[in-house]
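These protein sequences, in sequence, are chains A and B.
According to our numbering, the residues represented by the first sequence are 1 to 486, in order.
According to our numbering, the residues represented by the second sequence are 1 to 286, in order.
No lab work stands behind these hints: they were computed from the structure.
It cannot be assumed that every hint is accurate.
Only pairs whose alpha carbons sit at most 20 Å apart, straight line, appear in this in silico EDC-like list of lysine to aspartate or glutamate [as the list claims (entries may be wrong)]:
1. A:K250 <-> B:E280
2. B:K151 <-> B:D139
3. B:K199 <-> B:D170
4. B:K151 <-> B:E191
5. A:K150 <-> B:E187
6. B:K181 <-> B:D139
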Amino acid sequence: MQLLIFIGYFAVVFGIGWYSLQATSDEQDYWIAGGELGWAVGGATLAATHTSAGTFIGTIGIIHTVGWSFGWLVLSIPLAYWFVAAVLAPRFTRVRELTLPAFVGRRYYSKAARAVAAVIVLVATVVFIQAQVVAGGLVANIVFGLSTTKGMILFTVVLILYTVVGGMIAVAYTDFLQLIIMFIGAAVSLPLALRHLDGLGSMLTYAEAMNPVTFTWGGLPAPLLFTMGLAFMLGSVATPEKVIRLYAMKDMKTIRRGILFTIIIVTVVNLVVMLLAVGSMVFFPQLPTGDLAMPVIARAVLPTFIGGLMLAAITSAMMSTVDSLLIVAGSALSEDIYQTLFDPDASHERRLWVARIGIAVVGVAPLILILSGVGEGELVQLIVLLFTALMASSFFMPVVGGVLWRRATKEGAIAAMIGGVLACGLWELYGHPNIDPVVPGFLASAALFFGVSLLTPRPPEEALTPYFGADEGAAAGPVEPEPRPG
Amino acid sequence: MGANRATGPGPSRVRPPGPTAPVRAAAGLLVGILWVLLPHLTGTVPPLAGQEAGSPATAGRVLSARFEARVPEAEPDASSTEVTIRYRLVADTTVRRVPVKGMAFFEVTPADVRAQAGGQRAPIGLEVKRGPLLAGGVDLPTALAPGDSLKLILTYRLPAAIPTTGGRFDVVLPLLFVDWKPAGAPEGLLEAAIELPAKYSIQESFPTVPRAITTQRGVRRYDLQLQAVPSLIRFRGHAGEPPFFTFSRLVDLGVLALLGVVGAWGWLALRRQRARAKAERREAAE
Chain A
1 MQLLIFIGYF
11 AVVFGIGWYS
21 LQATSDEQDY
31 WIAGGELGWA
41 VGGATLAATH
51 TSAGTFIGTI
61 GIIHTVGWSF
71 GWLVLSIPLA
81 YWFVAAVLAP
91 RFTRVRELTL
101 PAFVGRRYYS
111 KAARAVAAVI
121 VLVATVVFIQ
131 AQVVAGGLVA
141 NIVFGLSTTK
151 GMILFTVVLI
161 LYTVVGGMIA
171 VAYTDFLQLI
181 IMFIGAAVSL
191 PLALRHLDGL
201 GSMLTYAEAM
211 NPVTFTWGGL
221 PAPLLFTMGL
231 AFMLGSVATP
241 EKVIRLYAMK
251 DMKTIRRGIL
261 FTIIIVTVVN
271 LVVMLLAVGS
281 MVFFPQLPTG
291 DLAMPVIARA
301 VLPTFIGGLM
311 LAAITSAMMS
321 TVDSLLIVAG
331 SALSEDIYQT
341 LFDPDASHER
351 RLWVARIGIA
361 VVGVAPLILI
371 LSGVGEGELV
381 QLIVLLFTAL
391 MASSFFMPVV
401 GGVLWRRATK
411 EGAIAAMIGG
421 VLACGLWELY
431 GHPNIDPVVP
441 GFLASAALFF
451 GVSLLTPRPP
461 EEALTPYFGA
471 DEGAAAGPVE
481 PEPRPG
Chain B
1 MGANRATGPG
11 PSRVRPPGPT
21 APVRAAAGLL
31 VGILWVLLPH
41 LTGTVPPLAG
51 QEAGSPATAG
61 RVLSARFEAR
71 VPEAEPDASS
81 TEVTIRYRLV
91 ADTTVRRVPV
101 KGMAFFEVTP
111 ADVRAQAGGQ
121 RAPIGLEVKR
131 GPLLAGGVDL
141 PTALAPGDSL
151 KLILTYRLPA
161 AIPTTGGRFD
171 VVLPLLFVDW
181 KPAGAPEGLL
191 EAAIELPAKY
201 SIQESFPTVP
211 RAITTQRGVR
221 RYDLQLQAVP
231 SLIRFRGHAG
241 EPPFFTFSRL
251 VDLGVLALLG
261 VVGAWGWLAL
271 RRQRARAKAE
281 RREAAE
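So that you can see chain A by itself, here it is in the shape it has in the complex (with noise of 0.2 Å):
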């Protein structure tokens, strides 16, 4: 039955991929949607990117195994999405580009600023898409009976194709499918894993018995807790996968909807993902990793229908994630690395083409780490971290300090994406495991940013005009959407 709504679930999917494919008439539409979308899709594809395997798997995995004080970081999301909108958004969406490379490469007034951005987008991608990936093989794991391995391979497999056929217009259609089932499949677990203990009061009671670390703060050192909440904020600000989506809505207006939306989404999923997670260390003390937690509730917990909807919203979750990463990536090879660097006359469907083999590599790149030993039995959260960590650190000041500094300078955010990726990865080597890396990687950025601005000759003004130009008053009003070529 469940292989059947798992079926049934794909093939809509494939028929949005089809659909989309059809609609798809230029690279807009490929990489941006078109910039049309409404409130309720845009907010939904964002709330779907960012509740990924790492809130459906990664979140309950956590605190499975720590307790729930690792659910404060959740608390970050609002504040978060809050400064993008009231803060970012109005100076960043001015100029609507197809990538964030594009955006960096605009702002700095240089081809090698965009070539790092995108090189950073395409390697740190792949390690977000393995914690994706781990996540799908223990879904197929739970719900199909297979090994883990094959798991993950049929998970990257599907993936891959239907990202290729219908780029973002189907990745932003399926993220909001993905979205409300997820939304629906959460909303009626919490219920009825309470029925089953007897409330919400018992359940407590329960799971503090089962696990004295439940509700304290002894899970994890209270100053990696506070540097991952650092992580998750700063990274929610400055992730490709999420920017990018305010250039797929329509104009300002519709973009502080979507993110309201996606506020609400968020925070409501996140808080039912958290009570589940309690739950599960009551009807599973022992298992043989946190992260099947969910894959597991899902089977045991819910009605044979809604629970394989459930693992499929699961699965979604992850995909609506991966999806968006490899668009992600695509277009940070074909339009940042290939255009720019390689061939500036390429022509439209040579650049998709490229785009396409870039999904395709950046895809399998993962999996295959993953099958060589790299990352295999890690939480999946904890990778999910990584990403974020390594995200902020190289993105957060050249985005959000290029849109509300005019001196910052195009040798200031070189140094600062290539500083602050280098300063988190090795901390994440070789510095201490109670802080997360974000915390030197980011201040490394942003010395070098503005260090390096300072010492630097300013910007020319025309490459300031976009984004504080006479008509800045302007920033918080309606952006129009510009005519669609052809």
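Dock chain B against chain A, hints included.
Chain B alone, transformed into the frame defined by chain A:
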């Protein structure tokens, strides 16, 4: 249209000058550095409390669990449910005592707990630890060396089905579980067979995954499989024939209806959008 908006996708309007070769070299160098760091990065995630990455968190692992329970009719004064759980375990270190835990859900507490390890009777001690939690262990007659496997059988009694209002009943079966992680999550890690009087109909259960329901000689048997060992099995039902619309089916149908409505709304919205786009194209062509 905003004054500063680009007029189309593609390369930036402010086309920066600059040599391409150094840029290519720098990009290549950065790719190289990151590519070398990447495998190290993903392999260094720190272990968490209770989860030592890459190494066994406990002294041994659970390979499988077979649960059997025979629930008598709802006469709590005299009758009781007999429970047997057969564990297959493997030791990762030298093991002299196998840790066992259980939760007294809804004040249903296992009684007369006995243990058999490797075919021999073994002493078991369980104490109330924190609130409803029982914890203790089985002292093994012979210590296990790393890699040794063990068959551990736990038997205990529980109260019979608890009658509630209106001919309904509630069967609560707490599991005494070995406090080791399972080796994996294969199909059938837990296989459970629960027998109830045939006149009882189940409307709701945890876990919700019965594999087969058979009725023979006045006994209805529920077989279920799960890829994890739960701390509880619970049935709710009533005496008499089962209704078609059980609680689970009602939930499923409700969700199906909701998805149908959302799907129809989405389809209509897409059609409207397509029609609008067509009209715009026609206008533009004219």
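Outcome of the hint check:
| no. | hint | verdict |
| --- | --- | --- |
| 1 | A:K250 <-> B:E280 | holds, 16 Å |
| 2 | B:K151 <-> B:D139 | holds, 13 Å |
| 3 | B:K199 <-> B:D170 | holds, 14 Å |
| 4 | B:K151 <-> B:E191 | holds, 15 Å |
| 5 | A:K150 <-> B:E187 | holds, 15 Å |
| 6 | B:K181 <-> B:D139 | holds, 19 Å |
When each numbered hint is compared with the structure, no violation occurs for any of them.
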